[in-house]
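Novice: So the chains spell out like this:
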Amino acid sequence: MDLLADNLPAYLSGFLFTLRLTVISGAIALVVGTVLAAMRVSPVATLRGLAVTYVELLRNTPLTLVFFFLVFVAPQFGVRTPLGFWTAVIALSAYTSAFVCEAVRSGINGVPVGQAEAARAVGLTFGQTLSLVVLPQAVRSVIPPLINVLIALAKNTSVAAGFASVELLASGRRIALANPSDAMLALAGVALFYLVITIPAGLLAGVLERKVAFAR
Amino acid sequence: MAQPVPAPASQPGEPLVVLDHVDKHFGALHVLQDVNLTVRRGEVVVVIGPSGSGKSTLCRTINRLETIDSGSITLDGVPLPAEGKALARLRADVGMVFQSFNLFAHRTVLDNVTLGLRKVRRIPGGQAKERAMALLERVGVSSQAAKLPAQLSGGQQQRVAIARALAMEPKVMLFDEPTSALDPEMINEVLDVMTALAGEGMTMVVVTHEMGFARRAADRVVFMDGGRIVEEADPETFFTAPRSERARDFLSKILTH
Ligand SMILES: Nc1ncnc2c1ncn2[C@@H]1O[C@H](COP(=O)(O)OP(=O)(O)OP(=O)(O)O)[C@@H](O)[C@H]1O
Ligand SMILES: [Mg+2]
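Chains R and P are the protein sequences, given in the same order. 188 is the number that the UniProt record's numbering gives to position 188 of the first sequence; each next residue is one higher, with no gaps. 62 is the number that the UniProt record's numbering gives to position 62 of the second sequence; each next residue is one higher, with no gaps.
Note that these hints are calculated values from the structure, not bench results. In this text the structure is predicted, and so the values were computed from the model without any measurement. Glycine included, C-beta positions come from ideal geometry on N, C-alpha and C.
A short, non-exhaustive set of chain P residues, derived as facing chain R with CB atoms under 7 Å:
no.	residue
1	ASN63
2	LEU65
3	ARG91
4	ALA92
5	SER100
6	ASN102
7	GLY116
Isolated chain R, as found in the complex:
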C-alpha cells in the first residue's frame, strides 16, 4: 500500500490527464456523434452516405490503428497533428463519435415514426423536428448506451499510453517498472482510479434515466 501512497502525485497527475482526456473527447464525441446521427436520418442522400461511411470505417477500426494513423501516417501526407494531449483527443473523439452516432440513431429509431410525421405536418423543418420532437423523446433510451460509450472512452484513454502520453496507465506503467516486485499493485492502483471515473458515471446513468422518464 505504501507504493500507492508514495506515488500518489504520479497517479493523480495521470488520473487528471485521463479525466481531462475523457471529458474533452467525450464532449466533442457527443456533439460530432449527434450531428452524424442527424446526417444518417436526413433526407439528403449525400449526407447519409458520408455519415454511414465515416461510422462504419471508424467503428470497425481498432482504436490503436486510429492513433497510429494520426501519429505516424497522417504526418507523411503533410497533416501534422499536435503531439500528445490533442492528438489523443482527436483520435479518441473521432473514434468515439462513431459509437455515439450509433447509440443516438438507435434512440431516434425507437421514437414512433408518427411523432416525426406529425411534426413535419405542422410545418417544422427537419432540424426542428429532430431537436424539438424526436431527440427529446430519444434521450431516455439513449442515455444508458451513451454512458456505456463514455465509460468505454474512459478506458480507451489507456491506448494513448502507447503514444507517449502521460495519462493514467502510462503513469502506472512507469511506477510498475520502477518497482518490479509490486507491479501488480501498481496496476491495481490504475484500475482503482479508472473505477473513480466509471462507477460514478454508471450511477449518473441511473439517475438521469429516471429523471428523463415520461409516460407515453
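Knowing the structure of chain R, use the given hints to seat chain P with the ligands on it.
Specialist: Just chain P with the ligands now, kept in the frame of chain R:
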C-alpha cells in the same frame, strides 16, 4: 379565434387542391393510378374505399408526407415544393389529423398546440398560449391543457390533434381515418368537432368509414378502389344510386353490418 371568412359550402370557391394525373408506386405496387382530383375552397370531400385502395397514400401526398412518381399536385395554384424550408412552409398551410393522433408525447396538451405557433409562425409565447387555449376551449378539452397526452382519452387526444392542426390556420385540413382508433363511445365527440368545422366553411379531405358523417357533412364523396378514383358524386347520389359495380359491392358490405 379569427377564422378566414368561409365560402358558403353550397357554392364552392376556386380550386384549392388539384391533383393532376398523379401516379405513385411502392416498389412493384401501383398505389395511385392516374389520380385526378380537385378540391375547391370550402369544400368537404370524403374519401372512402376498401382497405389498401390507397386512401391514406392519397391523403399523405397532399402535404408530401409521400412523394409522387409523376403528375402534379398544386395547393392554391402553387406546385408542392420538393424539399426544405419551402416544403415546411407549405405543410404549415395544410393541417393533418392522423388515425393514431400522434400528439407529441413529451409535451403537454397546451405545448402541443403552441409548438407550431411559436416555432413555425413565430408568434410570441403569451399570444400563442392565448390562441391555443381558445382552440382547446373550442374542441372542449381546455381543462386538460396542463396534462401530457397519455393522460387523456383517445377522443380527447384526437380533439387536441385537431386543435393543433387548426392553430396553424391551415387552408385545408386532411383527416386520415380520425375515428378508426377510437372506442365507439368517443367517435361522436370527434365527429361533432369535424362537423362543426365543415359547417364553418373549412376545406376538408376526410378519409373515413363513418357514413353518417359523410351524408351529414360532405359536399362530395370520392370512392377509391385499387389505387384509382372509381366514382365521384354528391353523398345522396352516391349512397342511394352508386354508378359503379365496385361501389355498390363496397356499400353493400359496409352497410349490412
Ligand atoms: N410505406 C409503404 N411501403 C410499402 N407499401 C405501402 C406503404 N404504405 C402503404 N403501402 C401499401 O399501399 C397500399 C395502399 O395503402 P394505403 O395505406 O394508402 O391504403 P388505405 O386505402 O389507406 O387502406 P386502409 O383502409 O387499410 O387504411 C396497401 O397495399 C399498402 O400495403
Ligand atoms: Mg389508410
